[in-house]
Amino acid sequence: MSAWTRKDLLGIEGLEPAEIREILDTAQTMKEISTREIKKVPVLRGKTVVNLFFEASTRTRVSFEIAEKRLSADSVNVSTSGSSVSKGETLLDTARNLEAMRPDIIVVRHGSPGTPHLLARRLACSVINAGDGAHEHPTQALLDAFTIRERLGRVAGLTVGIFGDIAHSRVARSNIHALSKLGARVLVGGPPTMMPPGIEALGAQIVPRLEEMLPQLDVLIVLRIQLERQGGQLFPSAREYATLFGLGRERLRLGRPELLVMHPGPINRGLEIAPEVADGVSSLILDQVTNGVAVRMAVLYLLSGAHRGATAADAVRGAA
Amino acid sequence: MSAGGRLLIRGGRVIDPATGRDAVVDLLVVDRAVAMVGAGAADACGNAEVIDAAGLWVLPGLIDLHTHLREPGYEYKETVLTGCRAAAAGGFTAVSCMPNTDPPNDSAAVTRAILRKADEADLVRVYPIGCITAGQLGQRMAEFGDLVAAGCRAVSDDGRPVMNAGVMRRALEYSRHFDIPVISHCEDLQLAGDGVAHEGAVATRLGLKPIPAAAEEAMVAREVVLVCQTGARVHIAHVSTRGSVALLAAAKAEGLTITAEATPHHLTLTDEAISGFDTSTKVNPPLRSEADRAALCRALAEGIIDAVATDHAPHGLADKDLEFDAAANGLVGLETALPLILGLVAAGACPLHRAIDALTWSPARILGVPGGRLAVGDPADIAIVDPNEEWTVDPEHFFTKGRNSPFRGWRLTGRVRATVVGGRIVFRDGAIVAAAQR
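Residue numbers (our numbering), protein chains in the order written: chain A, 1 to 320; chain B, 1 to 438.
Since the hints were derived computationally from the structure, they do not count as laboratory data.
Owing to the predicted nature of the structure, the values given are computational and were not obtained by experimental measurement.
Glycine included, every Cβ here is placed at the ideal spot set by N, Cα and C.
Take these hints with a grain of salt, some might be off.
Said to hold, decoys possible - A short list of chain A residues far from chain B (calculated; beta carbon distances all over 12 Å):
#1 W4
#2 A18
#3 R21
#4 T58
#5 I66
#6 K69
#7 D74
#8 A124
#9 R151
#10 P191
#11 R251
#12 N268
#13 V281
#14 G305
#15 R308
As the list claims (entries may be wrong) - In silico SDA-like pairs for lysine to any residue, Cα to Cα no more than 25 Å straight-line:
#16 K7/A / D278/B
#17 K7/A / G46/A
#18 K7/A / A100/A
#19 K117/B / D102/B
#20 K320/B / D8/A
#21 K7/A / D321/B
#22 K320/B / T90/A
Next comes chain A alone, as it looks inside the complex (with noise of 0.2 Å):
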């Protein structure tokens, strides 16, 4: 029987670490059945769930739409690049048309943090932040544990490093909520230009340094570069970047042999990670996207209420 009461997941910050953990184990039966011939269980059946996005993405707006299918939900895709205000209408008038539609949950994408709050506050329906600005992302980092604790068998107790630009990433903020909540130690590090004041209060050590970051580490996170965004006032050039502060070959072997490399991608292949590290043996790259479908459908499930009086076993098990 889950605890789960929630009507929202807006971020890692305010949850409680039985949870987190909930929503992995969740994912852990949900899993399973992405492995079927026939990927897809009643849960959601009848159920609408609006995919907003007021930033360009594909992998996270894919993965949810995924996870929505595979829990027969009838899922829309609203896309509108830009703030809704340059076009004449508010944030809160698109959500209110959206939500005099009657869906269920709505999933959230947009560049101003606290936007999904905004929209918590004043709809009925379930609200999921699927990245709000540098604030959270929550999903992402349940992935990403998820992801660690598949493949060590836990979280607490082990070292994991953040690296790059902490200051615009809400990766990595979920992910330090995430992770200390269950007990690892986080060390974030980044050109001095990308670490924002302030950092240790949610729960991380700084480490400025990679070189210095990576014999502690079991696990290390590499954060995208926005080139695109930076506008040469973070770094001077990609080239730079690359040489002292990309993930290589050389670099890597600083680590324990076993370290693992994850990334929330896209990765920029040769700027903040080497090719043959993302390829390599130590990465879990493409193992967190998998688990991303697994996590999406486990706080669909959730939050739909659709556990109310069942376990998630229970409710997989009829299927399809």
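Given chain A, put chain B in place with the hints provided.
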């Protein structure tokens, strides 16, 4: 007021930092001016209207150096009339209104239009502030002479800093011809970038784009240097950081002609207030850290911050009911300023007389206007306050059109019971007194 133009305020504690008076005495107003304070006032009152102020404080009317009345152009946010009502309800007998209207107040025509509206409102005194540069574009100087002749008492490009130091230098020099203060909104736009929150642990946690303290301090430092160069009178608007306070302290120690204000919200709130993404906490400069807030309080107590000014910035729901990044900056302040500052006094952060001075005599001197003091012959601009009344802030009951207050639901102590402008009661017991009823 009764026939003969006499008003007796009886038995209140008159607190008047400018004259040093703090005593329970009667105060008699005759013909719009303070006629007598102390023994004998009651005997000389004749057939005066009487306000019983027993148990109440009688203060010089508050003067706000920094108000946005929004008219012309943004009447849906505020009008001169609604802003004057809010001022009267807050104990303010004069407000000086910022020029970032539409069109901006960069011409005598706009100044005169604002003053005509103020005459029609007939509530509190309105002192318009003209632009430093035409259209607030930061390039060509506005016509200070025309603006001053029409009634402007200062110039400012508030809301937009004058980024070009050469333009600012010449504007400061030119301002000396008129002996007016130049009010500087200190914000280096390159350092501020597209930030929306104070750069620190809270913005980091929330993922909000940061505005470093240096964005303000770099320009405060520039203004200090330009005051040295030009000898102009510069007033720094809404100081928000510890570093700015240090720069001001050094400049004042040198005897430079620089003054400064802080807002009630920067003196009472920190960036923790933005944690729920409540857009009524979004303001420029942003709410800063506790160390900054504490430094501002000390600076107010020591007089390094000369004045408290509200930066009353009413907005409509359409400006604020948005995602945090898209919401307008600003919050309403006229109706909560006095009790918030009295709260600091009660907490021991600032002596009472200094706090009252910062709301009355200091702004009067900075602006060079009458009022702010209750000496015989001064205009009878008076705020009568119950220092013990507790009330809960409910923006739905404000006189301003703005509902954007981060103090919604706060319990405050101290409430304005009556406001007197030029001897006439304009606000009493929760209601505006219209001209016809006086």
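Now the hints, each set against the structure:
1. W4: holds, 23 Å
2. A18: About 22 Å separates A18/A from the closest Cβ of chain B, which puts it past 12 Å; holds.
3. R21: R21/A clear of chain B: closest Cβ-Cβ about 23 Å, beyond 12 Å.
4. T58: holds, 22 Å
5. I66: holds, 27 Å
6. K69: Check passes; 29 Å lies beyond 12 Å.
7. D74: holds, 27 Å
8. A124: Fine: 18 Å to the nearest Cβ keeps A124/A off the interface.
9. R151: holds, 28 Å
10. P191: holds, 16 Å
11. R251: Nearest chain B Cβ is 27 Å from R251/A, so the label holds.
12. N268: holds, 21 Å
13. V281: Holds, because the least Cβ-Cβ distance between V281/A and chain B comes to about 34 Å, which exceeds 12 Å.
14. G305: holds, 26 Å
15. R308: Check passes; 29 Å lies beyond 12 Å.
16. K7/A / D278/B: holds, 20 Å
17. K7/A / G46/A: Between K7/A and G46/A the Cα gap is close to 18 Å, so the pair holds against 25 Å.
18. K7/A / A100/A: holds, 18 Å
19. K117/B / D102/B: holds, 15 Å
20. K320/B / D8/A: Distance of about 23 Å is within 25 Å: holds.
21. K7/A / D321/B: Holds. K7/A to D321/B sits at ~22 Å (cutoff 25 Å).
22. K320/B / T90/A: Status holds; Cα separation ~11 Å.
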